[in-house]
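*Asks:* In case you want the letters, here they are:
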Amino acid sequence: MKSAVEIAEARANRWGHQLYAGRARAILERAFIALRSSTWVPIVTGFIEPVLYLLAFGYGMGELIGDVDSGRGTVDYAVFIAPGLLATSAMNGAIYDSTWNVFFKLNESKLYKGMLATPLGPLDVALGEITWALLRGLSYAIAFLAITAPLGLVPGVSAILAIPAAVFIAFGFASFGMAITSYFKTYQQMGMINIVLLPMFLFSGSLYPISVYPDWLEFLIQLFPSWHGIELVRDLWFGYWDSGTLLHLGYFCVMIVTGLYFTTRRLRNLFMR
Amino acid sequence: MPESLISARGLTKKYGDFTAVDAIDFDVAKGESFGLLGPNGAGKSTTMRIIAATSQRSSGTISILGRDPEEHGPQIRAHLGVVPQQDNLDGELTVSENLFIYGRYFGLSKKFIRNKIEELLDFAQLQDKRDAKVEALSGGMKRRLTIARALVSEPDILMLDEPTTGLDPQARHILWDRLFRLKETGVTLVITTHFMDEAEQLCDRLVVMDKGKIMAEGSPLELIKQYSTKEVLEVRFGSDRNKEVAPILREMCSRIEELPDRILMYVEDGEALLEAITAKKLHPTTSLVRRSSLEDVFLRLTGRSLIE
Chain H
2 MKSAVEIAEA RANRWGHQLY AGRARAILER AFIALRSSTW VPIVTGFIEP VLYLLAFGYG
62 MGELIGDVDS GRGTVDYAVF IAPGLLATSA MNGAIYDSTW NVFFKLNESK LYKGMLATPL
122 GPLDVALGEI TWALLRGLSY AIAFLAITAP LGLVPGVSAI LAIPAAVFIA FGFASFGMAI
182 TSYFKTYQQM GMINIVLLPM FLFSGSLYPI SVYPDWLEFL IQLFPSWHGI ELVRDLWFGY
242 WDSGTLLHLG YFCVMIVTGL YFTTRRLRNL FMR
Chain L
26 MPESLISARG LTKKYGDFTA VDAIDFDVAK GESFGLLGPN GAGKSTTMRI IAATSQRSSG
86 TISILGRDPE EHGPQIRAHL GVVPQQDNLD GELTVSENLF IYGRYFGLSK KFIRNKIEEL
146 LDFAQLQDKR DAKVEALSGG MKRRLTIARA LVSEPDILML DEPTTGLDPQ ARHILWDRLF
206 RLKETGVTLV ITTHFMDEAE QLCDRLVVMD KGKIMAEGSP LELIKQYSTK EVLEVRFGSD
266 RNKEVAPILR EMCSRIEELP DRILMYVEDG EALLEAITAK KLHPTTSLVR RSSLEDVFLR
326 LTGRSLIE
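Residue numbers (my numbering), protein chains in the order written: chain H, 2 to 274; chain L, 26 to 333.
Honestly, the hints are just simulated from the structure, not real lab data. Fair warning: this is a prediction, and the values are worked out from it, not measured in the lab. Ideal placement from N, C-alpha and C gives every residue a C-beta, glycine not left out. Some hints could be false.
Unchecked claim - Once the Cα atoms are required to be at most 20 Å apart in a straight line, the calculated SDA-like pairs of lysine to any residue come out as: (1) L:Lys136 / H:Asn270; (2) H:Lys114 / H:Lys186; (3) L:Lys158 / H:Ser38; (4) H:Lys114 / L:Lys136; (5) H:Lys111 / L:Glu187; (6) H:Lys111 / L:Thr71; (7) H:Lys114 / L:Ala301; (8) H:Lys3 / L:Ile142; (9) H:Lys111 / L:Ser80; (10) H:Lys111 / L:Lys167; (11) L:Lys136 / H:Leu29; (12) L:Lys136 / H:Ile34; (13) L:Lys158 / H:Phe33; (14) L:Lys39 / H:Asn270; (15) H:Lys114 / L:Lys154; (16) L:Lys135 / H:Phe33; (17) L:Lys141 / H:Lys114; (18) H:Lys111 / L:Gln111; (19) L:Lys154 / H:Val69.
What the hints assert, rightly or not - Cβ pair distances, simulated, as ranges: (20) H:Arg37 / L:Gly243: 46 to 54 Å; (21) H:Pro200 / L:Arg206: 58 to 66 Å; (22) L:Arg92 / H:Pro200: 48 to 56 Å; (23) L:Thr303 / H:Arg274: 26 to 34 Å; (24) H:Val197 / L:Pro285: 35 to 43 Å; (25) H:Ala13 / L:Gln81: 15 to 23 Å; (26) H:Ala11 / L:Gln152: 27 to 35 Å; (27) H:Ser39 / L:Glu96: 32 to 40 Å; (28) L:Arg92 / H:Arg274: 13 to 21 Å; (29) H:Gly251 / L:Asp50: 17 to 25 Å; (30) L:Gly164 / H:Pro200: 57 to 65 Å; (31) H:Ser39 / L:Glu247: 37 to 45 Å; (32) H:Gln189 / L:Gly164: 28 to 36 Å.
Produce the entire structure from the sequences given, and follow the hints as far as they go.
*Replies:* Right, dumping it as structure tokens:
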């Protein structure tokens with residue numbers, strides 16, 4: 002049996018030991034314990050929402066719309082929106098976990114402050130919380146695929162790659178969302194997140210191709226992460242690869258690294274300066 | 026001189042132009058119960074955060090168990106149990122889950138923590154609340170749980186920031202009793218407080234802080250001996266007459282303090298002085314003879330009372 006001191010000493014010579022104790026999983030463990038008692042409503046909602054959209058738009062509106070040019074061949078409208086909704090739900094889940102949940106633990110319950118009074122470092126906290134958001138994205142993606150496959154909305158086996166893709170974009174959103182939240186101090190500022198998010202999702206091409214926009218608007222939408230997320234999942238859903246797919250992946254790599262960097266830095270400045 | 030666990034020299038913390046801690050020196054010996062006494066804003070909590078390796082000093086030196094917190098933060102934190110001023114228990118978890126996960130933050134094995142939880146629940150007298158949500162606990166129970174949580178890693182030093190602020194008298198006494206037991210087991214305690222009775226009860230040695238500086242240092246008894254008299258006579262003449270009689274009283278003993286509502290007279294024999302006052306036909310509306318306390322020491326050192 003090792004004591005707390007021995008455990009900390011064993012790591013002392015590693016690079017970055019002030020930032021990372023190698024125990025992000027302890028934060029994850031906490032999330033699992035908390036899950037038992039926490040409210041299931043937002044978690045279940047996050048899963049049901051895309052399914053409801055799929056039913057309403059895919060089968061309701063889809064009857065009126067017919068086939069759509071997905072940019073990867075002409076497909077049934079429901080097939081077109083399914084990957085878009087999958088991407089959206091992964092992003093929404095990640096955002097919920099990394100914004101409001103983080104804000105609460107940062108400012109109301111002072112949970113992070115307590116964690117950082119132990120040998121844990123800010124990177125442990127950031128990674129643990131973000132991984133939790135990812136697991137949520139993962140479970141949504143698997144569930145969504147399990148529902149859409151029997152409905153005949155999945156064009157091929159390659160669509161299974163949409164699952165890791167959904168996790169990857171959830172990673173980007175979670176780490177970026179946590180970084181932004183860590184700089185926010187008031188509920189008013191947090192409200193701004195919602196104001197930005199809703200239009201971002203509505204207009205980012207989950208329900209229709211953005212080629213319907215004028216050029217300038219199309220270009221603007223292409224700057225937003227939601228568009229990259231939706232396009233990435235859609236590419237893989239249809240088993241379609243090109244340089245654009247790589248660009249989407251790159252976009253999320255940058256988001257992940259930037260988000261982790263600023264979250265770690267901010268937690269350090271908040272609680273360890 | 027016993028082994029020094031914490032040693033600070035010229036320790037300073039600045040926030041912009043504001044100096045929260047101003048070049049203080051102190052040592053804490055192993056097994057000692059060391060107090061930082063002072064009013065709100067004296068720099069106690071800032072000092073605590075620097076010791077706890079969760080805040081970086083601006084200048085000076087500090088070593089905790091022979092290490093510099095700037096270089097060895099995680100290792101130092103592994104030696105410490107921290108009880109913050111504001112409870113930050115995990116509201117989504119139960120009492121025993123709180124203890125469990127906190128141990129996991131230190132990297133301790135599940136088996137070790139499970140055994141430890143039983144011991145800590147006994148210590149905190151929370152056995153029957155083990156599956157209760159934290160929200161359902163009273164203020165005193167939350168505090169005890171926070172202390173138990175800080176002990177899960179078997180720390181060498183327990184840091185308590187205002188441990189009984191906000192608790193009712195009964196809960197305070199229960200908490201003091203628990204802290205006494207800890208002291209007996211040899212845990213080093215570092216306590217901040219603005220309650221003089223708490224400092225007298227719990228601290229072997231303390232420093233009196235004001236405006237970021239250390240004003241005096243010693244055991245409660247030594248401080249009282251050095252900065253105050255054996256007894257204090259408190260007299261009230263009503264707010265208008267206090268001012269009137271003060272010059273007369275000033276002639277009668279070596280030191281008096283005029284507070285807004287009463288006059289404190291520092292003497293060796295309070296009863297004798299009261300008789301002398303009555304003999305002069307100055308009849309106070311109320312009078313009280315008491316032992317000198319740390320409050321009097323603070324008043325002497327700063328000209329202000331601890332709780333304003």
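*Asks:* Does each hint fit the structure? Answer for all of them.
*Replies:* Against the structure, the hints:
| no. | hint | verdict |
| --- | --- | --- |
| 1 | L:Lys136 / H:Asn270 | violated (35 Å) |
| 2 | H:Lys114 / H:Lys186 | holds (15 Å) |
| 3 | L:Lys158 / H:Ser38 | holds (9 Å) |
| 4 | H:Lys114 / L:Lys136 | violated (26 Å) |
| 5 | H:Lys111 / L:Glu187 | holds (17 Å) |
| 6 | H:Lys111 / L:Thr71 | holds (17 Å) |
| 7 | H:Lys114 / L:Ala301 | violated (58 Å) |
| 8 | H:Lys3 / L:Ile142 | holds (17 Å) |
| 9 | H:Lys111 / L:Ser80 | holds (16 Å) |
| 10 | H:Lys111 / L:Lys167 | holds (15 Å) |
| 11 | L:Lys136 / H:Leu29 | holds (19 Å) |
| 12 | L:Lys136 / H:Ile34 | holds (17 Å) |
| 13 | L:Lys158 / H:Phe33 | holds (16 Å) |
| 14 | L:Lys39 / H:Asn270 | holds (15 Å) |
| 15 | H:Lys114 / L:Lys154 | violated (25 Å) |
| 16 | L:Lys135 / H:Phe33 | holds (15 Å) |
| 17 | L:Lys141 / H:Lys114 | violated (23 Å) |
| 18 | H:Lys111 / L:Gln111 | holds (9 Å) |
| 19 | L:Lys154 / H:Val69 | violated (60 Å) |
| 20 | H:Arg37 / L:Gly243: 46 to 54 Å | holds (51 Å) |
| 21 | H:Pro200 / L:Arg206: 58 to 66 Å | holds (60 Å) |
| 22 | L:Arg92 / H:Pro200: 48 to 56 Å | holds (52 Å) |
| 23 | L:Thr303 / H:Arg274: 26 to 34 Å | violated (59 Å) |
| 24 | H:Val197 / L:Pro285: 35 to 43 Å | violated (55 Å) |
| 25 | H:Ala13 / L:Gln81: 15 to 23 Å | holds (18 Å) |
| 26 | H:Ala11 / L:Gln152: 27 to 35 Å | holds (34 Å) |
| 27 | H:Ser39 / L:Glu96: 32 to 40 Å | holds (39 Å) |
| 28 | L:Arg92 / H:Arg274: 13 to 21 Å | holds (19 Å) |
| 29 | H:Gly251 / L:Asp50: 17 to 25 Å | violated (55 Å) |
| 30 | L:Gly164 / H:Pro200: 57 to 65 Å | violated (45 Å) |
| 31 | H:Ser39 / L:Glu247: 37 to 45 Å | violated (53 Å) |
| 32 | H:Gln189 / L:Gly164: 28 to 36 Å | holds (31 Å) |
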